[in-house]
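**Q** All chains, full assembly: derive it from the sequences and hints.
Number 391 in the working numbering belongs to position 198 of the sequence shown; there are no gaps in the numbering.
These are computed hints drawn from the structure, not numbers from a lab.
Bear in mind that the values here come from a model prediction, so they are computed numbers and not experimental data.
Keep in mind that the hints are not guaranteed to be accurate.
Result set (SDA-like, lysine to any residue): computed pairs, CA atoms no more than 25 Å apart in a straight line [said to hold, decoys possible]:
hint, residue 1, residue 2
1, K494, V351
2, K352, R474
3, K386, L426
4, K471, Y436
5, K386, S445
6, K352, K471
7, K494, E380
8, K416, L426
9, K347, H367
10, K352, M194
11, K347, F251
12, K386, R431
13, K471, T488
14, K386, E328
15, K352, H329
16, K471, E415
17, K416, V443
18, K494, H410
19, K471, E502
20, K386, S342
21, K471, S445
22, K494, L407
23, K347, L407
24, K471, R231
25, K352, L340
26, K352, G307
Simulated DEER-style distance windows between Cβ atoms [said to hold, decoys possible]:
hint, residue 1, residue 2, range
27, K416, E320, 13 to 23 Å
28, G278, T203, 15 to 25 Å
29, K386, Q272, 43 to 53 Å
30, V503, H422, 20 to 30 Å
31, E478, K352, 47 to 57 Å
32, T201, P397, 19 to 29 Å
33, A413, I273, 30 to 40 Å
Glycine included, each C-beta is placed from N, C-alpha and C at the ideal position.
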Amino acid sequence: MYSLNEGTITERFPHRWSSYQVTHIESLPFFHAYPGARTLQVGTAGCNLACSYCSNAFVARTDPATVELFHVSPERLVQIAEETGCHTIVFGVNEPTVSIPSLLDLAAQAHTRGIPIGCLTNGYMTEESAHTVAEHLSFVNVSLKSLSSAFYQKYAGVKSVNPVLRTIGILAEHCHVEVTTPIVQGENDHEIKEIARFIAGIDPSIPWHVFRLLPEHRMAGEKAPDIRHIDALLEPAREILPYVYFSNFVGSNRLNTVCPACGRTVVERINPGGCGGKIVRYLLEDGRCPFCGETIPIHGKRVMWDSLEVEDQ
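**A** Put into structure tokens, the structure is as follows:
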């Protein structure tokens, strides 16, 4: 977060982090960026939204002054990434726009070592901030909760969805973008087809991750959405967007990347728990479907998790 001192806005807790951990990039989720890569996921504390169902409320909805943060320099974080075999770094525990100077310092250091950096964001930022993020980051996943400002007022504590829609458009012009939408049954499930149309209007190759909202925080007593209900609503969306994923339940068969031209599975994933997935079979050859030659949009090279070998494509 920030403070205003004699007309200057400064970050209150620069280079102070709540956590860092090594994970699969698909678990965040990114399904079309650096497939298979280990990533160092980092985060600070705080958020500019007040989502009723926040899954990370213990750091996102807590005053950073009361959270146990620890100082780690950008140089040391990049060194940790290299020591643990990470090919990417992702700011993904809380909202990165509350710590933009720290994010940019980390990005600058990562770039000197050739490590791509990305983030997870709610997209609620100024136009200037969106351009800054787009300039310094290689890949971003934006949480688009609804197309309705009324939904954002009720569940996220802000007046309008428009900054989020603008951010997605700006980012898509400059870096790799994926979009995530948590479904609150009875509140935004009727928007599924319209959200697909909005994303396709920006770029139909954008991957879209749909989650069933698992009630937490102030909605902890609510019933979880029905899997079959959401899956049925996604069928028309798949006619609009070729890369629609429904993955946050064990046993999902909606994590796979399917070639839009021939309908064959080209990347197979499983859900070991959590929101994303893990690659178990990767068939793309030079970014193309091995069955029909269709180009599948993948940002960056594939990385072998166990050997850390980067695929030479």
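**Q** All hints are to be evaluated individually against the structure, with a verdict given for each.
**A** Outcome of the hint check:
1. K494 <-> V351: At roughly 38 Å apart (the allowed maximum being 25 Å), V351 and K494 break the hint.
2. K352 <-> R474: 43 Å, violated
3. K386 <-> L426: 8 Å, holds
4. K471 <-> Y436: 16 Å, holds
5. K386 <-> S445: With Cα atoms ~21 Å apart, K386 and S445 stay inside 25 Å; holds.
6. K352 <-> K471: 36 Å, violated
7. K494 <-> E380: 38 Å, violated
8. K416 <-> L426: OK: K416 and L426 at ~18 Å, within 25 Å.
9. K347 <-> H367: At roughly 31 Å apart (the allowed maximum being 25 Å), H367 and K347 break the hint.
10. K352 <-> M194: Holds, at about 20 Å.
11. K347 <-> F251: 21 Å, holds
12. K386 <-> R431: 9 Å, holds
13. K471 <-> T488: 22 Å, holds
14. K386 <-> E328: Violated. K386 to E328 sits at ~31 Å, over the 25 Å cutoff.
15. K352 <-> H329: This hinted pair is violated, its Cα atoms lying about 28 Å apart.
16. K471 <-> E415: Judged against 25 Å, a Cα distance of about 29 Å means the pair is violated.
17. K416 <-> V443: Roughly 18 Å separates the two Cα atoms, so the pair holds.
18. K494 <-> H410: Not satisfied, since the Cα-Cα distance of roughly 37 Å exceeds 25 Å.
19. K471 <-> E502: Holds. K471 to E502 sits at ~17 Å (cutoff 25 Å).
20. K386 <-> S342: Holds, at roughly 17 Å.
21. K471 <-> S445: Between K471 and S445 the Cα gap is close to 12 Å, so the pair holds against 25 Å.
22. K494 <-> L407: Since the Cα atoms of K494 and L407 sit roughly 32 Å apart, the hinted pair is violated (cutoff 25 Å).
23. K347 <-> L407: 17 Å, holds
24. K471 <-> R231: Judged against 25 Å, a Cα distance of about 11 Å means the pair holds.
25. K352 <-> L340: 12 Å, holds
26. K352 <-> G307: Violated, at about 39 Å.
27. K416 <-> E320: 13 to 23 Å: 38 Å, violated
28. G278 <-> T203: 15 to 25 Å: 35 Å, violated
29. K386 <-> Q272: 43 to 53 Å: Once the Cβ atoms are compared, 46 Å apart, the range 43 to 53 Å for Q272 and K386 holds.
30. V503 <-> H422: 20 to 30 Å: With Cβ atoms ~41 Å apart, the hint is violated.
31. E478 <-> K352: 47 to 57 Å: Because 48 Å falls inside the window, the suggested range holds.
32. T201 <-> P397: 19 to 29 Å: Given a distance of about 43 Å, which is not inside 19 to 29 Å, the answer is violated.
33. A413 <-> I273: 30 to 40 Å: 34 Å, holds
Hint check: violations occur at hints 1, 2, 6, 7, 9, 14, 15, 16, 18, 22, 26, 27, 28, 30 and 32; the rest are consistent with the structure.
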